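Respectively, the protein sequence lines represent chains A and B.
In terms of this note's numbering, the first sequence is residues 27 to 455.
In terms of this note's numbering, the second sequence is residues 12 to 321.
Do not take every clue at face value.
[Said to hold, decoys possible] Selected chain B positions facing chain A (Cβ under 7 Å, derived; list incomplete): (1) Asn-66; (2) Leu-68; (3) Leu-264; (4) Asp-265.
Just so you know, the hints here were simulated from the structure itself, not pulled from any lab data.
Computed from a prediction, not measured in an experiment: that's the story for all the values here.
Using N, Cα and C, we set each Cβ at its ideal position, and we do this for glycine too.
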Amino acid sequence: MKRSKVLLILLSIAVLVLPTLAVAAQDQTEVRISWWGSQNRHDRTIAAIELYEELNPDIDIVYEFQGWGDHWTKLSTQAAGGELPDIMQHDYARIEEWVANGLLLPLDGYIESGAIDAMSIADASLAGGMVDGQLYGINLGNNSEVFTLDTDAFAAAGLELPPLDWTWTQFEDIATQIQESLGIHGIGVLTSDQLWKSQYMGCCDQWAYAADGMSLGYEDDQPLIDYYNMLLRLQDNGGMQSYEDSVARGDQGVEAQLIVSQEAAMAYHWSNQIVAVWNAAGAERNFVMYPVPRPEGGQSQNYIKPSMFFSVTSQADQPDEAAAFINWFVNSVEANEILEAERGVPISSVVRDALLPNLGAAQAEMFNYLGIIEMDNSPIRPADPAAHSDVISNVFGPEFVEPVMYGMISPEDAAPFLREEANRILGAQ
Amino acid sequence: MAAATLSKAKRRKQSNFGQDNLVGYLFIGPWLAAFLLFTFIPISVSLLLSFTDYNVLANAGEFIGLDNFQRMFFEDRRYWRSVNATLKYVVFSVPLRLLFALAVAMLLNTYRRGVGVYRAAFYAPSIIGGSIAVAVMWREIFGNDGLVNFTLNVLGIQGPNWLGRPETAIWTLIILAAWQFGSPMLIFLAGLKNIPKHLYESAEIDGANAWQRFLRITLPMLTPIIFFNLIMQLISGFMVFTQAFIVTQGRPLDTTLFYALYVYRRAFEQNEMGYASAMAWVMLMVIALLTALVFRSSSYWVHYEAGEGA
Chain A
27 MKRSKVLLIL LSIAVLVLPT LAVAAQDQTE VRISWWGSQN RHDRTIAAIE LYEELNPDID
87 IVYEFQGWGD HWTKLSTQAA GGELPDIMQH DYARIEEWVA NGLLLPLDGY IESGAIDAMS
147 IADASLAGGM VDGQLYGINL GNNSEVFTLD TDAFAAAGLE LPPLDWTWTQ FEDIATQIQE
207 SLGIHGIGVL TSDQLWKSQY MGCCDQWAYA ADGMSLGYED DQPLIDYYNM LLRLQDNGGM
267 QSYEDSVARG DQGVEAQLIV SQEAAMAYHW SNQIVAVWNA AGAERNFVMY PVPRPEGGQS
327 QNYIKPSMFF SVTSQADQPD EAAAFINWFV NSVEANEILE AERGVPISSV VRDALLPNLG
387 AAQAEMFNYL GIIEMDNSPI RPADPAAHSD VISNVFGPEF VEPVMYGMIS PEDAAPFLRE
447 EANRILGAQ
Chain B
12 MAAATLSKAK RRKQSNFGQD NLVGYLFIGP WLAAFLLFTF IPISVSLLLS FTDYNVLANA
72 GEFIGLDNFQ RMFFEDRRYW RSVNATLKYV VFSVPLRLLF ALAVAMLLNT YRRGVGVYRA
132 AFYAPSIIGG SIAVAVMWRE IFGNDGLVNF TLNVLGIQGP NWLGRPETAI WTLIILAAWQ
192 FGSPMLIFLA GLKNIPKHLY ESAEIDGANA WQRFLRITLP MLTPIIFFNL IMQLISGFMV
252 FTQAFIVTQG RPLDTTLFYA LYVYRRAFEQ NEMGYASAMA WVMLMVIALL TALVFRSSSY
312 WVHYEAGEGA
């Protein structure tokens, strides 16, 4: 009786204490890294990490990856808990907010000491990662918005390829004709908030947000109204996938674009994503990349943006090792032969030159496309205000795009409401 | 003599009282520690946060009184849409699920061969119930080229875009809920087995038909079980999250933006922990109030058998 009681007490103590004893002994230095992306990026990045570990047996890179939305959910939660990884992939739209809250380390010291070798990197390519005169993110590739055209589908529809400075009117005609002659959509839904942000560059040399981020940056609702009336026409005649269909399919990443499954002849995405799109579609397909259409008599709606950054967080345990990894990731030809410009055109000229002769079809097209955009573009605008996510998630989507595309309200009535609500949120920051 | 041993045993029990408790506490220790750490403390903190403007990234949170509640009730249009969607979901999914559970439990309350297999089969959807896999499967079933529309097509009917239409999207989730009737079913089954056979036998002798037997014996005898199931399902109905998060993401037009999903969005996508905590506490209050109401009403419709243990 008594002995069994003692046994019971010992047992329950064991249950309590054992888990805390499970501490792993380690001789390797652990560097944690987190990124967002598609399956293609995950595969390439993991392969590069494995190579790095092979070259540096004393380093253990612990990686986490996720989709775009989950990335920010996870990382901001980790930030609150003081659990940020050493390296995190960052974005032009969010870097200001993170720097303002003291979550990222300035990297200027590593550039000066040569730990991050910037010898073959143009200053302009680093500029996007500067906040208040200090460098907080190393650009992983140059990027621009793109309309990708399936040349085989164009040939099958008997359509000529448009000129590079094509207009929205020409685009609408083409999308409609593709639907008429091939019975597939011209393109997937074009209701992305990115198009809303850049749209006013083409017509009016303005941007969705004002320079100080405290209000909307465009004065006239009419171009937005015209654009959404065009989308409604295309939705009706099948030139564009219906919004309803896109909702039913859900957000399944770039690999699920309609152009991949030949359900559409064109696609809108970021230029670096051509690697994932082409990879998913198959090497036998033929694509050509076009700038975003412009308004009649308007200017280019394209700008060149750092596709994404690697940043070292202020909660990093191993900032020096993190910087060493970033240096290798950006400057090593070996690494970039694996990564194959999937994050955009590499910023190191040495890497670019080494990759050029052996580029795959998708990468070659992307390099060529960025060359075209460099000749004719609009200047990049300030990073998005902190309230951007609130404006997009709670106003632009549910109060503007959805009611308009479901025909609950006309673009004429919805645009002023969007302005009013967005300004209220932006002004309250 | 029997009384003497009893009182002796009682005395011994009393003298060992403290020691027995110690063992007990040690055994529930891990659970208790986890409960305090991961449930009680966070819930208490969230009450405090609900009166602040705490933002995970931007600020540590200042006391702003009732501003969060003011904003929720009078300024946030999406808040009311999420209330609407949640109420609709609860009003339809809870009775449907209970109905299915009771019907299937009655079917399975027999001693045919292989009934155990059927019970396991009907319970299976609930084990995997809240899981991502089921939600993803549901997407495929109700997708535009999914199983449902394929079947309708064979019958010559052009099915609608279930997940894309504002009128139909929430119903796919309500049907999903009704399909996951396993746990209330098991409880009903246990309840049905507890109804004494002699009641049915005497009713049969008196000439009562099956429907009368169900209405006059089964239902009244089951009311405590129905009561329990109703409370449990009501609570879990209000907390619905995964299904909408995976299958519809709250779309279209916020018709499936369930309360918990909206709280999650505000908390983890906009990082507005203060506001989200306030929303969560309103939900807690509403659920507590409704549960209390159901408890109050129970004296009118729940019958407990007087001779318990007979």
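For each hint, the structure was consulted:
1. Asn-66: 9 Å, violated
2. Leu-68: 5 Å, holds
3. Leu-264: Holds - the Cβ of B:Leu-264 comes within 7 Å of chain A, reaching about 5 Å at its closest.
4. Asp-265: Result: holds, 6 Å to nearest chain A Cβ.
Violation of the numbered hints given earlier is confined to hint 1; every other hint is satisfied by the structure.
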